[in-house]
Amino acid sequence: MTACPFRFQDHDFIARPSGALFWPAQNALVVADLHLGKSGRMARRGGALLPPFETRATLERLGAELQDSAAARLICLGDSFDDDRAIAELGTERALLEQICAQHQTLWITGNHDPAPEHLPGLVAQDWHEAGLTLRHIAGDGPDISGHYHPKLRLAGQRLPAFLIGAVHLIVPAFGAYTGGLDHDAPALAALVPQGRAIVTGAAARMVPLPLPPQKRAGAARRWSARR
Amino acid sequence: MPAFDHTSPNDLPAPLARWFAAQNWAPHPHQVQMLQATGNALLIAPTGGGKTLAGFLATLAAACRGDMGAGLHTLYVSPLKALTYDIGRNLARPVADLGLSCRIEDRTGDTSATRRARQRVDPPHVLLTTPESLALMLSYPEAPKIFGSLLRVVIDEIHALAESKRGDQLMLCLSRLRRLAPQMQVAGLSATVENPAALAQFMGGAEIVIAHPGPAPDIAMLPTTATPPWSGAGGAYAARDVMRAIADARLTLVFINTRAQAELFFQALWAVNDDNLPIGLHHGSLSREARRRVEGAMADGALRAVVATGSLDLGLDWGDVDLVIQIGAPKNIKRLVQRIGRANHRFDTPSRARIVPANRFEVLECIAALQAVEAQELDGDGRAPVGGLDVLCQHMLLLACAAPIDADALFAEVTRAGPYAGLTRADFDACLDFVATGGYALRAYDRWQRLVLREGLWHLRDPRAARAIRMNLGTIVAPELLSVRRGPRGGAPLGEIEESFAAALSPGDTFLIGGQTVRYDRLRDMIVEVTPQPAREPKIAVFNGLKMATSTELSARVLALIGDRAAWAALPCHIRDWLALQDRIACLPQPGTMTCESFQRGGRWYFALYSFAGRNANQTLGLLLTHRMERDALAPLGFVATDYATLIWGLEPVRDPAPLLDPEGLRAGLQDWLAENAMMKRSFRAVATVAGLIQRNLPGARTSGKQATFSSDILYDTLRKYDPEHVLLKITQAESMRGLADFGRIEEMLRTRAQIVHSMAPHVTPFAAPLMLEAGRIPIRGAGSARLLEDEAARMMAEAGLTLEDVGAKTQA
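Residue numbers (our numbering), protein chains in the order written: chain A, 1 to 228; chain B, 1 to 813.
Don't take every hint at face value.
[Said to hold, decoys possible] Listed next, with one range per pair, are the computed distances between beta-carbon atoms:
hint	chain 1	residue 1	chain 2	residue 2	range
1	A	103	B	459	44 to 52 angstroms
2	A	195	B	633	35 to 43 angstroms
3	A	167	B	604	36 to 44 angstroms
4	A	123	B	604	48 to 56 angstroms
If you're looking for bench data, these hints aren't it; they were derived computationally from the structure.
Every residue gets a Cβ at the ideal spot worked out from N, C-alpha and C, and that includes glycine.
One chain only, chain A, in its complex shape (with noise of 0.2 angstroms):
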């Protein structure tokens, strides 16, 4: 998998194609919005019975990422569980959860979905400093990580989860399974990151400027023109 390196802050980054973002300097893996519990928490409120697989899937992948990246902290930037509720329905996947907290320094930022989160092993906070920068779930007065927009872009006729990199707002892909995503030009995106670039995610890391160049609509613009 080939991650993307970039500098924000005058601080080293890689962006991972998993969507989460290694801090060497610190030696953290950093990622946002993982929300947990989410298919429990529509059951509960009489929504959609989705599969309840989606934490397990979540927890997987972000093992993976901490044993791939050999990162020895973990820092979730908010929103890591769907409510507050979900923690005390892990279930099985709690097991889970405790391997990962147990081998990695975790440090929980809370989010609008998990504003209080309680029996979590492992450090809570709403936002954290370090190294001059802030580390928070939503976009505040930079510099600063954050999450909660689930930035995605369009490239090359795909739709693809991207980190944002600006001049003093760095946000971060969503990382769990079930989970939508903002386009990077909705103006609440727009707003925090009117320029600089954009690192999407899939099965690499590439890194586009912002704002996008026009792209070339390859299929589209070629049907159109054949009844000119």
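Add chain B to chain A, keeping to what the hints say.
Below, chain B without anything else, positioned relative to chain A:
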């Protein structure tokens, strides 16, 4: 109302007979037979055979005798909203003239909420509705009261319903109705079909009544001044010729296969409408108001022509139509015959129809179709052995909204429905388990319960869920549609376009809708806001209509026509030249051989395979072949399938197709690609929506927020990884095997056409050119697309004057 006479209930009452006589009308034998049928009956009659009246005679007779009773007497179900509107108008006349006490109302998705609420408490004598509205009514606790008095059910255009999941749903509803009203009689009304017995079985058994087929139609190609273009599907080249034919006729129906084509052709017609003849447009993307206006104007005789898609395909009774023009290849002989029948709704005069092929391929198909009509050879289509299980899941949920479910009783009820006669108890139980708890291997917690078992009955755990279940009703999973409105804030609705089309628009782009060119301004609250731009040349409106596969019979006829030089005499001169040119540049497909070619264009290698196996089988073939090409490092980027061919493009050339087409290898690859291709995911999305796993995105219920939607692809991947035996995966697999045409059609093709003929053409060939312009491309996310992503990202960085060196060298993590 007192009885007027004392004849048997199966005869036409005298006042009704007198009224018909006054209209210069005498009943056809098959109409009398339908009136006299004592049990369920299925009428097979050509268009113009008075089918609908045959279905309603018994109801009108009962009304004449004053036998309507209180409550609902007759339920009429049609696949089209437009039909219910039309039938209501036609029935109203005798009822008014004879002063009958018979209240007739329609009920569709378009009916107002207040009226629907009233109908639940106080149903009319005759209710005209659609399968979806019927299913909705059956989900209300009042259903037994509404339908308990039911004596007759009339199902119109049952041949069309039987072809889709809507038919499965309707038959399940019919089974429920039989339980609520055991005394009721069902009349099925069908156009000409090749296998009436199968259709009778579909409706749960019925006496078959076959009407006289009427005189042979007068059908031919429309002579055109220009030759058809090499490619394209719009038929615009023939606009003037069609205009002339319209001017010479009283009322013309112009059928065209997709909505986008209808818009374009409508515009092309108006451009040459020098006499300003009143011409209307009718298709499913238009707003309800616009459709009703055209239907009304047509019935009033105010129009000279209507350009329509499948939305007007079925039996609206327009007596004045004297010419049908089919633009584009008909794809299916049966459908062509039914469309032809729309001209001259009189039983004794031949229908007049003209066909306009849209391109040169279609000339071949049109000529083959004409030959088939002359030979009276209809195409058959195999039905699945058991109806859709996703439809069954939805049905269970809807019934649970009405009342708690007794599993044994429901199983007995469901297996009485024709399509589900062969349903196993195991499959039934799997569906019920899914509906109740999600049916996951990881037996979860009590919160994973939609239905709970109490005292032997399955209850809805949370009655509030009923609303969401009802909102999700329906078996058609269309692409997401966005409403188009004029101007900012509450402008007039113009129609709907597909979300993917809207997403490709930039402010200032123009497209066609409702026959006018509009400029895209913005997307707000999931509404597309536009400004009319009368003078601008539009982009084409790419909202796809129904795409049918050319039937096996018709495909075989086309291939035989190409392969037999003696038969070329029937072809126009320009087609003969075209075939000869293809023969010279590459190779001409022949029965018995599998013809394919490779060529390069614009930095891509193309591989065209002329299988003539129909769109669905070709799509399967495209998936299988690209899968193998990916393995062989040919870096395929995508493919497109038409009825005649599969065209694959990629970064490397196919020089020897034999290993790709090896049947053993294809068979082995089948299981692999079933697992992970985009087609399966598309299928899964439809199945998961119908079965109620994911909610339909309804207008208003959707926000543009970040977590509003998540991709069903992820659910599919998760299920495959953690619960591969899940019932929805099984349904998806069965479905796509069928939906993409069974592998059998490909195997047969490989067997009967074992000799592979491959040519390396110097450039795009005359046969391949039309394929290059086809819509509906399937991208392959493999090594090829990764290379393109890489290139695109690099190009953008370079264009922005950035290099990766700015930020440190690329490393392997």
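Hints, one by one, checked against the model:
1. Distance hint for residue 103(A) and residue 459(B): a CB-CB separation of about 46 angstroms, consistent with the stated range 44 to 52 angstroms.
2. For residue 195(A) and residue 633(B), the Cβ-Cβ distance of about 39 angstroms falls inside the hinted range of 35 to 43 angstroms, so the restraint holds.
3. Our hint of 36 to 44 angstroms for residue 167(A) and residue 604(B) holds, since their Cβ atoms are close to 40 angstroms apart.
4. About 54 angstroms separates the C-beta atoms of residue 123(A) and residue 604(B), a value consistent with the hinted range of 48 to 56 angstroms.
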